[in-house]
Amino acid sequence: GAGVSQSPSNKVTEKGKDVELRCDPISGHTALYWYRQRLGQGLEFLIYFQGNSAPDKSGLPSDRFSAERTGESVSTLTIQRTQQEDSAVYLCASSLGLAGAPTDTQYFGPGTRLTVL
Amino acid sequence: AQKVTQVQTEISVVEKEDVTLDCVYETRDTTYYLFWYKQPPSGELVFLIRRNSFDEQNEISGRYSWNFQKSTSSFNFTITASQVVDSAVYFCALRDSGTYKYIFGTGTRLKVLA
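One line per chain: the protein sequences are L and X, in this order.
Quick note: the first sequence uses this note's numbering, first residue 1, plus one each step.
Quick note: the second sequence uses this note's numbering, first residue 1, plus one each step.
Derived by calculation from the structure, the hints in this document are not laboratory data.
Incorrect hints may appear among the rest.
As the list claims (entries may be wrong) - A few chain X residues that don't get close to chain L, going by computed Cβ distances all over 10 Å:
# : residue
1 : 15
2 : 42
3 : 45
4 : 52
5 : 59
6 : 106
Unchecked claim - Label pairs and their in silico Cβ distance ranges:
#  : chain 1 : residue 1 : chain 2 : residue 2 : range
7  : X       : 101       : L       : 28        : 20 to 30 Å
8  : X       : 99        : L       : 115       : 28 to 38 Å
9  : X       : 71        : L       : 9         : 24 to 34 Å
10 : L       : 61        : X       : 1         : 16 to 26 Å
11 : X       : 41        : L       : 85        : 21 to 31 Å
The structure presented is a predicted model; accordingly, all values stated were derived computationally and were not measured.
A virtual CB, placed ideally from N, CA and C, is assigned to each residue, including glycine.
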């Protein structure tokens, strides 16, 4: 597709359940980012993937959060044993991955709104 | 350390007024990149502009203009003759050369009233 896509767009779950959020980056983009945005707040970095390098997981808030990426394609963010505090919009972004290049720019997907009851 | 500050949490203007959104950044790197993103009520962040630290020329795109001043570490965004459709949250971001991390400000919510 032309842009970053995310699914589902909305997810309502019960406390304690596991959820999986999916991100399809722009074709050819080797870098992929996940962010969390709580209501009325800014973007909180979660995790970064670059090609086949080890991901930067420094932003994951707890061990209930994990993410995977297959090669340079789809990524899945998994939240286990969800808590109400996990309610937020989860945004995915991708970029060419040329970290030193002036042209590297993140493009965002529409996000997944997660509500934990 | 890198930091991006958007001191204006929320701004309200009446349609057709001009409005400036402030962005101040901190970095020790001499080469870096600055960005503005728009987040309309639909939620998707839309890329607006990228500026390189070695290019201080200001830019105009239609009703949008950006004023980059290294001397004051600022990268301000002006909307001329604002419209209701400009209502959104606007984020300023910084990326140092050689790194992949984008540092985002906390955003400025702009409300344009008809």
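List, from low to high, the hint numbers that the structure doesn't satisfy. 2, 3, 4, 6 and 9
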